[in-house]
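A.B. asks: So you can see what is in the structure, the chains are spelled out below.
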Amino acid sequence: MESLALLMVFGFAAAVAGALLYIPSLIAPRRETPIKLEPFECGKDPVALPEGRFAIKFATTAIFFIIVDIELMFLWPWAVLYRTLGWFGFAEMLVFLGILMLGFLYIWRKGGLEWD
Amino acid sequence: MILLVPGSYYTGLSAVLFAIGVTGVLVRRNPLVIFMSIEVMLNAANLALVAFGAQFRNADGQVLVFFVMTVAAAEVAVGLAIIVAIFRLRPRLSVDDLSAMRW
Amino acid sequence: MDFPAVSLRAILPAIVILTTAALVLLLDLLPPRERKGHLAVVSLAGVVAALLATTWLWGGESRAFRGMVVLDGYALFLDLVICYAAGLVVLLSMDYLRERGLESGEYYALVLLATVGMMLMASAGDLIVVFLSLELMSLSLYVLAGYFRARLASGEAAMKYFLLGAFATSFFLYGIALVYGSTGTTNLDRIAASASRDSLMMVGVALLLVGFGFKISAVPFHMWAPDVYVGAPTSVTALIATGSKAAAFAALIRVLVTSLRSTQPDWTVLLWGLAAATMTVGNVVAIAQSNLKRMLAYSSVAHVGYMLIGLVAGGVFGTGAVLFYLLVYTFTTAGAFGVVLLLEHAGGEGVSLADYAGRARRHPILALVLSLFLLSLIGIPPFGGFVGKFYLFGAAVRSGYIGLAVIGALNTAVASYYYLRLIVYMYMREPEGVEAVSTPSFAGGLALAVALVGIVVLGVVPTPFIDLAQAAVTPLLR
Numbered sequence: 000m001e002s003l004a005l006l007m008v009f010g011f012a013a014a015v016a017g018a019l020l021y022i023p024s025l026i027a028p029r030r031e032t033p034i035k036l037e038p039f040e041c042g043k044d045p046v047a048l049p050e051g052r053f054a055i056k057f058a059t060t061a062i063f064f065i066i067v068d069i070e071l072m073f074l075w076p077w078a079v080l081y082r083t084l085g086w087f088g089f090a091e092m093l094v095f096l097g098i099l100m101l102g103f104l105y106i107w108r109k110g111g112l113e114w115d
Numbered sequence: 000m001i002l003l004v005p006g007s008y009y010t011g012l013s014a015v016l017f018a019i020g021v022t023g024v025l026v027r028r029n030p031l032v033i034f035m036s037i038e039v040m041l042n043a044a045n046l047a048l049v050a051f052g053a054q055f056r057n058a059d060g061q062v063l064v065f066f067v068m069t070v071a072a073a074e075v076a077v078g079l080a081i082i083v084a085i086f087r088l089r090p091r092l093s094v095d096d097l098s099a100m101r102w
Numbered sequence: 000m001d002f003p004a005v006s007l008r009a010i011l012p013a014i015v016i017l018t019t020a021a022l023v024l025l026l027d028l029l030p031p032r033e034r035k036g037h038l039a040v041v042s043l044a045g046v047v048a049a050l051l052a053t054t055w056l057w058g059g060e061s062r063a064f065r066g067m068v069v070l071d072g073y074a075l076f077l078d079l080v081i082c083y084a085a086g087l088v089v090l091l092s093m094d095y096l097r098e099r100g101l102e103s104g105e106y107y108a109l110v111l112l113a114t115v116g117m118m119l120m121a122s123a124g125d126l127i128v129v130f131l132s133l134e135l136m137s138l139s140l141y142v143l144a145g146y147f148r149a150r151l152a153s154g155e156a157a158m159k160y161f162l163l164g165a166f167a168t169s170f171f172l173y174g175i176a177l178v179y180g181s182t183g184t185t186n187l188d189r190i191a192a193s194a195s196r197d198s199l200m201m202v203g204v205a206l207l208l209v210g211f212g213f214k215i216s217a218v219p220f221h222m223w224a225p226d227v228y229v230g231a232p233t234s235v236t237a238l239i240a241t242g243s244k245a246a247a248f249a250a251l252i253r254v255l256v257t258s259l260r261s262t263q264p265d266w267t268v269l270l271w272g273l274a275a276a277t278m279t280v281g282n283v284v285a286i287a288q289s290n291l292k293r294m295l296a297y298s299s300v301a302h303v304g305y306m307l308i309g310l311v312a313g314g315v316f317g318t319g320a321v322l323f324y325l326l327v328y329t330f331t332t333a334g335a336f337g338v339v340l341l342l343e344h345a346g347g348e349g350v351s352l353a354d355y356a357g358r359a360r361r362h363p364i365l366a367l368v369l370s371l372f373l374l375s376l377i378g379i380p381p382f383g384g385f386v387g388k389f390y391l392f393g394a395a396v397r398s399g400y401i402g403l404a405v406i407g408a409l410n411t412a413v414a415s416y417y418y419l420r421l422i423v424y425m426y427m428r429e430p431e432g433v434e435a436v437s438t439p440s441f442a443g444g445l446a447l448a449v450a451l452v453g454i455v456v457l458g459v460v461p462t463p464f465i466d467l468a469q470a471a472v473t474p475l476l477r
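Residue numbers (numbering that gives the first Met the number 0), protein chains in the order written: chain D, 0 to 115; chain X, 0 to 102; chain W, 0 to 477.
By construction, these hints were calculated from the structure, which means they are not laboratory data. Just so it is clear, CB atoms sit at the ideal spot from N, CA and C, and this is done for glycine as well. Hints may contain errors.
The calculated label-pair distances, taken between Cβ atoms and stated as ranges, are [unchecked claim]:
id, chain 1, residue 1, chain 2, residue 2, range
1, X, Ala58, W, Tyr416, 52 to 62 angstroms
2, D, Leu96, W, Pro264, 44 to 54 angstroms
3, D, Ala12, W, Gly399, 47 to 57 angstroms
4, D, Pro76, W, Arg260, 58 to 68 angstroms
5, D, Ala18, X, Leu88, 39 to 49 angstroms
6, X, Phe55, D, Thr60, 20 to 30 angstroms
7, X, Val15, D, Leu96, 50 to 60 angstroms
8, W, Pro380, D, Lys109, 15 to 25 angstroms
9, X, Ala58, W, Val413, 18 to 28 angstroms
10, X, Ala58, D, Phe95, 51 to 61 angstroms
11, X, Leu31, W, Arg97, 27 to 37 angstroms
12, D, Ala18, X, Pro5, 26 to 36 angstroms
Let the sequences and hints guide you as you build the complete structure.
C.D. replies: This is how it looks when you write it as C-alpha cells:
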C-alpha cells in the first residue's frame, strides 16, 4: 500500500498548508494603513498604478499569435513522418495551409496587422 | 514504453485536476480566472486521454489531445475577443456585474 | 502505410456550405465595400445548394475517413432540418442587419460556419468529430451572440454563453476521455461493439449527458438559455433555438442509440427525470415572463422536454417522433422568432408583452401569422405541432411510459395559458402609445411564408414525413 503512504503525505501537506493560511486569518490582528496597502515595488514608491491599461492592439496580436502557434502542432507530426506520408501527406498539408492562407489574407486585408 | 507510474494514478490526478477546475469555475468571479479554470478542466481531460492512450497503446487519445489543444486555442481567441468587447463598454470585469438581464 | 480513402461525397453538403463561407469572407474584401446585400444572397445560394446536394445524395449511405463521418439517411434528414433553419435565419437577417447598419461578411460567414458544425454533428461517426463539430458550431455562435457590439446586453449574452458553453464542453470532453478509457476507442460503432458497462463508462455517460444537456438546454442545465436568447440579436437567437438544438439532438441520439446502447437502461432513467423536469420548469417559468424573447426561450426549453420523451420511449417510433418533432419545431420556432424580429425596434425594445397589446390592429398580418405559430407551439390541429406531440406522447404510451405522457399532456395545458395570453394581448387589448406602421420586407415575408407553409403541410399531410423520419432512424437501431 505505497499509494496510501503517498496519499497521507499529500493529505498532511495540504493540512499543514491550509492551517498556516487559516489560523493567522483567525488570530492575527489586522491594522491596515494606506502605506501597507500600496503595491510593493523594491522599496521605492510606485511610479504608476498597477491597473494601467494595455492597448487593445496587443490583445489582437496575441490572438493571431495563438492561432499561428497552434498551426505548428499539425505541421510537426507531418514533418516527422514526411517520407512515410509522401505525396498524400503533402497534398493534405497544402489544403490545410491553403485554408490557413485564406485566413491570413483576410486578416491582412481587413487591416488586422496594422500596428497603428 | 513502460509506465513507471501505474495508469490509475494518472486517472486519479486528472480527476483531481478536473475537480479543481470545476471548483474554480464555481467560486471565482473574474471571467478571465473562470476561463483559466475551464482550461484546467480541459487539460485534465487531456491528461486522462494521454494516459488511456498509453494504456491501450493506440493513438486515438493522443490525436484527440491535438484537436483539444487547437480547440482550446480557438476558445481563447474568441473568449479574449468577447472580453475585450465588453471591456470597451464597461471597464470593471466581474461576472456579478453582468446582470442587465435577470429572470 | 495505408491512407484513409478520401470520399468527399460523404461530406458534400458541409463542403458546399464551407466553401460558401470562405467565398463570403473573400467577397467581403472586394468592392463594393459599403453595400453588403449581395453577401446575404450568396450565403442563401450556398444554403440552397447544400439543400440540393442533400436531396441529390438522398437514399445513399457512405462512410468516409475511417468511419469518422457517416452520411446515412439519418444525417441527410437532419441536414435538411439544419439547412432550413440556416436558410430562414439568413432570410430574416438581411433587413434586420441593414436597418441597424450592421451588415457584414463576418456575420454571414459565421452563420454558415455554425451550419457546417451542425451538419457534421449530424453525421459524426466518432466522438472526436462530435467534439470538433460541436465546438465549430459553438464558437461561431458565441461570437454571433455578441454581434451587437454597442449593446451591453449583447456582450453579456456572449460572455455568459461562452463561459457556460466552454464549461459544458469540458464536461463533455471529460466524458469522452472516460468512455475512451473504458472501451479503448472513440469510434461510435466500436464503442457499441465493446458493450462496456463498468464504472468508468457510467461516469463517462453521465458527463456526456451533462455536456449535451447544456447544448440542448435541458433543465437543470438551461440557465444560460433565457439570458442568451434575450441578449443576442434576434436572428441569432432563432439560429441558437432551432439549428443548434437540432444538431445537438442529432449527435445526442446517435451517440446514445448506437454507441451507448449497452447502457440504455441507465440513461433512460436519467432522461426520464430530465424530460419531466425540463417540461415542467420550462412551462411554469415561462408563465412569469413579461419579455417575449425570454418567454419563447423558456418555451423552447419546455419543447426540449417534449422531445426527450421520445428519446426515453426509444425504438423506431420514439426516436422517429423526435426527428419529426425537430422538423416541426424548427419551422415553428424560427417563424415565431421571425415575427418578433420584424416587430422589434432598432434599439432592441418592443419585445415586452405590453408592447404587443393591440398589435393586431397595426400589424394584422404579422399578428395573425404569429398567432398561427403560437397555436402550433401549443399543439392545436391542423398544425404540425399537434401531430408532433401526438406521435411523441403516443410513442411514450406504446413503450409503457404512461406517467411521462401524462406529465407531457398536463404541461401542454399549462403552456397553452401563456401562448393564448399573448394572442389575447394582440387581439383584445388597446394599444399603448403611438407606433409607426412598418411593412415587413420581402425577405422577411418570404421566411415567414416558408415557415408557415412548413407547419401547415406537416400538420395536414404528416404521413410521408413521419415515414421519412422513421426510415431515417431505422439504421441507427439495427
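A.B. asks: Hint by hint, say whether it matches the structure.
C.D. replies: Here is what the structure says about each hint:
Here the CB-CB span from X:Ala58 to W:Tyr416 is close to 56 angstroms, well matched to the stated 52 to 62 angstroms. The hinted window of 44 to 54 angstroms between D:Leu96 and W:Pro264 holds, with their beta carbons roughly 49 angstroms apart. Between D:Ala12 and W:Gly399 the C-beta distance comes to about 55 angstroms, which sits within the given range of 47 to 57 angstroms. Between D:Pro76 and W:Arg260, the C-beta spacing of about 34 angstroms breaks the proposed range 58 to 68 angstroms.
At about 44 angstroms, the CB distance of D:Ala18 to X:Leu88 agrees with the hint of 39 to 49 angstroms. Distance hint check: the CB atoms of X:Phe55 and D:Thr60 are about 41 angstroms apart, inconsistent with the given range 20 to 30 angstroms. Judged by the Cβ atoms, the range 50 to 60 angstroms given for X:Val15 and D:Leu96 is violated: they are separated by roughly 39 angstroms. Remark: the range hint 15 to 25 angstroms for W:Pro380 to D:Lys109 is contradicted by a beta-carbon distance near 52 angstroms.
About 52 angstroms separates the C-beta atoms of X:Ala58 and W:Val413, a value inconsistent with the hinted range of 18 to 28 angstroms. The beta-carbon spacing between X:Ala58 and D:Phe95, approximately 19 angstroms, falls outside the hinted interval of 51 to 61 angstroms. X:Leu31 and W:Arg97 have their C-beta atoms about 35 angstroms apart, which keeps the hinted 27 to 37 angstroms range intact. A beta carbon spacing of about 31 angstroms between D:Ala18 and X:Pro5 agrees with the range 26 to 36 angstroms that was offered as a hint.
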